[in-house]
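Given these sequences and hints, build the entire structure.
Letter by letter, the chains look like this.
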Amino acid sequence: MGEAISFYFLASILTVLSIAVVTVQKPVVAVALLVFNLFFLAGVYALLGAHFIAVIQVIIYAGAILVLFMFVIMILNPDMDLKETGDKGKKFILFSAVSVGFLFFSFKMFEQMAPLTKEDIVSEILEDNTYEIGLQLFEDYIWPFELASLLILLGIVSAILISRKPSQNKSV
Amino acid sequence: MDLFYFELMAAVVKMCVILAMALQLPPIMVWIERRAGAFMQRRKGPNRVGLFKWRLWGLLQSLVDTIKLIFKEESVPEDADKVFFHLAPVLSLIPALLALSALSFGNYIILFDHEIPLQLINLNVGFLFILGISGMGIYGIVLAGWASSNKFSLLGSLRASAQMVSYEIPMGLSLIPIVLIYNSLELGSIVEAQANTWQWGIFLAPISFFIFLITMFAETNRAPFDLAESESELIAGFHTEFGSSKFALFYLAEYVNMFTLATLCSILFFGGWQVPFIPHLKLIELLGSHNLASFIGFVTLLLKSAFFMWLYVWVRWTLPRFRYDQLMKLGWKFLIPLSLGNVFVTSLILMM
Amino acid sequence: MSPYLPILLIILIALVIGGAMSALAHFCGPRNQTAAKKEPFECGVPNSSRREKMSVKFYLTSILFILFDIETVFLYLWARVFKTLGWFGVAEIFVFLLILVVGYVYVLRSKALDWD
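Residue numbers (numbering that gives the first Met the number 0), protein chains in the order written: chain A, 0 to 171; chain B, 0 to 351; chain C, 0 to 115.
If you are wondering where the hints come from, they were derived from the structure by calculation, not from laboratory data.
All residues carry an ideal CB built from backbone N, CA and C; glycine is no exception.
Each hint should be verified, as a subset may be incorrect.
Said to hold, decoys possible - Here are the simulated BS3-like pairs of lysine-lysine, each with C-alpha atoms no more than 27 Å apart in a straight line:
id	chain 1	residue 1	chain 2	residue 2
1	B	Lys81	A	Lys25
2	C	Lys110	C	Lys56
3	B	Lys81	A	Lys87
4	C	Lys110	B	Lys81
5	B	Lys332	C	Lys56
6	A	Lys25	B	Lys67
7	C	Lys56	B	Lys150
8	C	Lys82	B	Lys332
9	B	Lys81	A	Lys90
10	B	Lys81	B	Lys67
11	B	Lys81	A	Lys89
12	A	Lys25	C	Lys110
13	C	Lys82	B	Lys328
To be verified - Sample of chain B residues facing chain A (criterion: CB under 8 Å; computed from the structure):
id	residue
14	Phe84
15	Phe128
16	Ile132
17	Leu153
18	Ile295
To be verified - Derived Cβ-Cβ restraints for the label pairs, each shown as a range:
id	chain 1	residue 1	chain 2	residue 2	range
19	B	Leu318	C	Phe87	27 to 33 Å
20	B	Leu62	C	Leu11	47 to 53 Å
21	A	Asp139	B	Leu310	57 to 63 Å
22	C	Phe87	B	Pro319	45 to 51 Å
23	A	Phe91	C	Pro29	19 to 25 Å
24	C	Thr83	A	Phe91	54 to 60 Å
25	B	Lys281	C	Gly85	19 to 25 Å
Shown next as C-alpha cells:
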C-alpha cells in the first residue's frame, strides 16, 4: 500500500516535471527542472530496492551531467533576449490539461495491467546492492568494465579536442 | 504500539534534534569566528551585547544579528528571475540538511525494548549518499548567481561550482582507502571497526586524511579557498544580491555543510563516537548502561567535530586566499594524482 | 518504515524553514524600493547586462568532472568487493586506472587545465 502511494506520488511529480522541462522557454529553468526530475527518478529506483543505482543516479546524472548542462547554458547565455511569449493563462491551462490527461491515461493503463509486485521486477531484493553489483561487474563483466575505461578515455580526448582553440592546432 | 508509528515518532524526534543542531550552528559559529578573529588580530571583537548587566562575552551578538537580518529590507533586483531568486537559498539548504541527517551520530539506544540507531537516514549505500547529496548543493549556488542577473554573481557562482566539482573528485577518491580498509560503506560499521584507537583512519590512511582535509575546505568554499566570494574581485560572489533572510539561509547552509564534513571527517578518520582508548563495548561494560554509553559517544563525536569547526576558523584567520589558477592547479594536478596513487598503494599494502 | 521517508520529511522541513524565513523578512522588513535599489549591485561600475561570455574552461572542467566522477564510482564498487576479489581485482583496477592515466596525462599535456 505504502509502495503504491509512493509510486503514484513520484510518478505524478515526474510526469508534470517532464512535461514542464520541454515546455518552459528559458533553458536554465528547463535544466533546473530536469535536475528535480532526475532526483525524483532516483526515488523510483530506490522504491524498486535498487539503492545503489538510485545513489549513482544522483551522483552522476543529477550531480555531474546536469552541472555540465548548466555550465554550457550559462557560458552561452542564450536566453537573454527571450521574453515569455503568448498568453500566460492559456498556456497554463494547456499545460495542466496535458499533464492531467497524461496522468489519467497512464494510471488507467497501469490499472489494466496485471498488478506488479516488487518481487516481479526485482527477482530478489538484495540487502547489499553495492556488494552484489560489484561482484557481478568484476567477475562476470570484466571486459565491458575495461571497455568502459576506454570509453572514458575517448570522452576525455574528445572534450579537449572540442574546446581547443583553433590556433593551437599547429603547436599540438 | 504499532512499530511503524513508533519508528516514525523516533524519526521525528531525531529530526528535531538534527534541526536544533543545524539552526544553532550559524549563530554560535559566527560569534566564535568573530571572537577568534579579534583574538588573533589583537582586537576586542563583539563583546558588548549581553543581557541586563551580564555581558556573556558578547555571546548574544549573534542573536541580535539574526533579528537584525530578519528586520532588514528585502531587495530583489528588477530583472532577476523571481522564482529562482526565492528558491535558490532553499535549494542550497535542502542538500545540506539531507547530508547532515545521513551521519551516524552514535550507537543505537534502547527505548521501550526497541533499538533506535542514532542516525536519521540509514541507507545501505552508506556515505555514498552523503557524497551524492552534497554534490546537489551546487545547484543552489549556480541558480542563485544566475537568478540575480548580476555578472559578478554569475561569475562568482560559476567559480564556486567549478571549484566544488573539481574538489569533489579528490574527496571521493580519498575515501576509497577507507572502504578498502574497513570493507564497508556504512558509517556505523566503519566506526565499530575503529574500536581500537590505533585502528583509526588517521593512522591507517594518513594520506587520505590529508587530502580529505584540503578538500573539506574547498568543498565548503571556505578560506583559503573562498574564491567564490573573494570580495576584492567579485563584491560578494554569488550572494551579492541576497539580503535579509535569504542571506541568512545561505549562511545556514554553509555552516551546516561545514559541520557535516567536519563530522564526516571525525567519523571516518577519528573513530567517530568511539571514546579514545576505551572501545565502545568496554564503555558499555564500565557504565553498565547502553544508553549512557551511546550518549557519551555522541558527546565525544560532537567534541571531535567541534575541533574541526575550530580548525575552519583557525585556518580562515591564518592563511591568505588562493588565486583561482593556483586553486585549479592544486586540485587537478596535485590532489587527483596523489589520491589515485594513494588508492593504488593502499590496495597493494593491504594485499601484502 | 522505509529508510527513504526521513528524506521526504527533511525536504519538507527545509522548504518550511525557507518559506518561514522569507515570509518573516517579507512582513517584518521595511519596504521602500527605489530605482537604484533595483539595479544590479556593481560597485559603481556602469550598469551592464549579464550578457557576458564566460571562459570555456568552465565547460572543460565540468566535462572532465563527469568522466572522473564515473571513474570514482567504479572505484567505489571495486573497493566494496576488494576483499573478496583479491589480487585479481587489483589487476583489473590496475588496467582500468592505467588507461585513465593515459587520458589524464593527455589532459595535462594539452594544457587544458591551465587557467591563466
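These are the hints, each one checked on the structure:
1. Lys81/B <-> Lys25/A: holds (13 Å)
2. Lys110/C <-> Lys56/C: holds (11 Å)
3. Lys81/B <-> Lys87/A: The given pair, whose Cα atoms are some 16 Å apart, holds under the 27 Å limit.
4. Lys110/C <-> Lys81/B: It is violated: about 40 Å lies between the C-alpha atoms, which goes past 27 Å.
5. Lys332/B <-> Lys56/C: Holds - the C-alpha atoms of Lys56/C and Lys332/B are around 15 Å apart, at most 27 Å.
6. Lys25/A <-> Lys67/B: violated (36 Å)
7. Lys56/C <-> Lys150/B: The hint holds at about 17 Å.
8. Lys82/C <-> Lys332/B: violated (30 Å)
9. Lys81/B <-> Lys90/A: Holds. Lys81/B to Lys90/A sits at ~19 Å (cutoff 27 Å).
10. Lys81/B <-> Lys67/B: holds (24 Å)
11. Lys81/B <-> Lys89/A: holds (21 Å)
12. Lys25/A <-> Lys110/C: The given pair, whose Cα atoms are some 34 Å apart, is violated under the 27 Å limit.
13. Lys82/C <-> Lys328/B: violated (34 Å)
14. Phe84: violated (12 Å)
15. Phe128: holds (6 Å)
16. Ile132: With a minimum Cβ separation of about 7 Å from chain A (threshold 8 Å), the hint on Ile132/B holds.
17. Leu153: Holds - the Cβ of Leu153/B comes within 8 Å of chain A, reaching about 7 Å at its closest.
18. Ile295: The hint is violated - Ile295/B has no Cβ within 8 Å of chain A, the shortest such distance being about 30 Å.
19. Leu318/B <-> Phe87/C: 27 to 33 Å: violated (45 Å)
20. Leu62/B <-> Leu11/C: 47 to 53 Å: At 27 Å between Cβs, range violated.
21. Asp139/A <-> Leu310/B: 57 to 63 Å: violated (45 Å)
22. Phe87/C <-> Pro319/B: 45 to 51 Å: holds (48 Å)
23. Phe91/A <-> Pro29/C: 19 to 25 Å: Cβ of Phe91/A to Cβ of Pro29/C: about 34 Å, so the range 19 to 25 Å is violated.
24. Thr83/C <-> Phe91/A: 54 to 60 Å: holds (55 Å)
25. Lys281/B <-> Gly85/C: 19 to 25 Å: At roughly 33 Å between Cβ atoms, Gly85/C and Lys281/B fall outside 19 to 25 Å, so the hint is violated.
The structure fails to meet hints 4, 6, 8, 12, 13, 14, 18, 19, 20, 21, 23 and 25 from the earlier list, while all remaining hints are met.
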